[in-house]
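A.B. asks: Per my numbering, the very first residue in the sequence shown carries number 1; after that it's consecutive.
Derived pair list, reagent style DSS-like, types lysine-lysine, alpha-carbon separation capped at 27 Å:
(1) 116 with 171
(2) 175 with 46
(3) 46 with 116
(4) 46 with 120
(5) 116 with 385
(6) 119 with 46
(7) 119 with 385
(8) 46 with 171
(9) 175 with 116
(10) 171 with 119
(11) 119 with 175
(12) 385 with 120
(13) 171 with 385
(14) 385 with 175
(15) 171 with 120
(16) 171 with 183
(17) 175 with 120
Okay, the calculated beta carbon distance ranges per label pair:
(18) 321 with 222: 52 to 62 Å
(19) 455 with 120: 33 to 43 Å
(20) 352 with 251: 32 to 42 Å
Just so you know, the hints here were simulated from the structure itself, not pulled from any lab data. Just so you know, even glycine gets a beta-carbon here, dropped at the ideal spot from N, CA and C.
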Amino acid sequence: MIAVAAPSVASLVQSVDWVAIAPPTIAAVVALVVLVADLFVAEHRKPLLGWISVAGLAAAALALLPLIGDERSTFCLKGVPYDACSYTADRFTLVIQFLVLAGALLTALLSVSSLKDAKKAGRPFPEGEFWFLLLSSAAGAALLPASRDLATLVVALEVASLPAFALVGLKQGDKRSSDAALKFFLSSVTATAVTLLGVSFVYAATGSLHLTRVATELTHVDGQLHTLAQAGVALTLVGFAFKTAAVPFHFWVPDTYVGAPLPIAAYLSVIGKAVGFSGLILVTVVAFPSYADVWGPALAALAALTMTLGNVAALRQQATRAYSAVRLLAWSSVGQAGYLLVPIAAAAYSDDPQKSIGSTLAYALMYAAVNLGAFAVAALVARTKPLNRISDYRGLYASHPLAALALGFFLLCLAGLPPGIIGLFAKVTVFSAAVDAGMGWLGVVMAVNVVIALFYYLQWTAPLFRAPEGEPAVHRASRPLTAAIALTAVIAVALSGAPQMALRFASTGLF
1 MIAVAAPSVA
11 SLVQSVDWVA
21 IAPPTIAAVV
31 ALVVLVADLF
41 VAEHRKPLLG
51 WISVAGLAAA
61 ALALLPLIGD
71 ERSTFCLKGV
81 PYDACSYTAD
91 RFTLVIQFLV
101 LAGALLTALL
111 SVSSLKDAKK
121 AGRPFPEGEF
131 WFLLLSSAAG
141 AALLPASRDL
151 ATLVVALEVA
161 SLPAFALVGL
171 KQGDKRSSDA
181 ALKFFLSSVT
191 ATAVTLLGVS
201 FVYAATGSLH
211 LTRVATELTH
221 VDGQLHTLAQ
231 AGVALTLVGF
241 AFKTAAVPFH
251 FWVPDTYVGA
261 PLPIAAYLSV
271 IGKAVGFSGL
281 ILVTVVAFPS
291 YADVWGPALA
301 ALAALTMTLG
311 NVAALRQQAT
321 RAYSAVRLLA
331 WSSVGQAGYL
341 LVPIAAAAYS
351 DDPQKSIGST
361 LAYALMYAAV
371 NLGAFAVAAL
381 VARTKPLNRI
391 SDYRGLYASH
401 PLAALALGFF
411 LLCLAGLPPG
421 IIGLFAKVTV
431 FSAAVDAGMG
441 WLGVVMAVNV
451 VIALFYYLQW
461 TAPLFRAPEG
471 EPAVHRASRP
481 LTAAIALTAV
491 IAVALSGAPQ
501 MALRFASTGL
511 F
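Whole structure, please, built from the sequences with the hints as guidance.
C.D. replies: What follows is the structure, encoded as structure tokens:
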């Protein structure tokens, strides 16, 4: 009896590679440090918590350096038919973790100024809770791309999402903030329920939660369980479609972005997408490759619908409407989600899925840098124009020329026009992925949407350099805000100078 049980017990002993798990672990530990420190730090020293958070996110990002060029796995089960690990730090993981932690760091810089402005306006945020929630969400977002079993994937998804609900609703006495948090919460909880139902069906059909084992077992599911497996795959995909804000699961985006503090809207637009898309890539390409004939056409249709509705809705935004700048960025992010879905759908038909996924990651890196930069300039304008209308940006060059040049460059990158070469390069890469996979129709839909997007991006860019009406508004720029704008501008310019660097970084040896 003992001899038989011994191998089974041994197979449950899981080693821990602390270097591999360092990035999300550092973010989580700093979150706890901030929460405890908040109890003892005097009120006038609360801003110190923000700088501790910035330092913690920078340390988490630096922890990625020892992992470059190496693939490490931990929390592994040894046994038949082969080993399976719950956490893997490969090239795909590092690219997404870099995007998440760098994006969270820039969000923290924006938040330092926003919290200070809110305090001056008499509507202070609870700083300790704010930084704890932001760091906790970043830790979950950094854990997700490394997750290699469905249970860890769902847990990481919720650790990233749950603090974000609270962050959206932190504006005290603001009805829009409360409504946005409720709408975001209800949509996300629905997505989680659908995902968990799908995961339970997949587990029942395959007997495993590890992605590689699920992929193997799905190829020879018992005939009686075939329908159950199909339902599980479909429901899991629907759950992640909610998280990516793909149409028709996008309804929460505009109101949530408007109601949330501006740095949190920026965080959701970039890190929220990184979380949803990395999870979608893992379940499709790694766990469900044998069902490519199911998820390939579904994602292609979602991509076409998402980019079309997002761009058409962004086109309809009125320049004089309150919060029209934020709403345009919100609808633009829905349209951009459609572009990001194209290479994932193409992976179902491609002979080289890694190349297709690399196109998504390269596009995500470009989008993250320029979209965070656009939100940073929006945060600058909001300091004197809190309604943040597109018309409020008229004459920005006269009062703040560097910010106007930066915003103009960011918008041109999003539109895919020179000198925003990285935006053009990213769109061509995504378009090529669709054509190479034999989905020319999707490439045509994308081309039409790029033309639509050109119009509304240029509609916002042109007023920046017009003569202001009356005296130009003086926009006060704090040092953290200036640093965030400068960092994103430098990254966008560098990527435009060497666009092939992004694709090479994102696509070499992903899995």
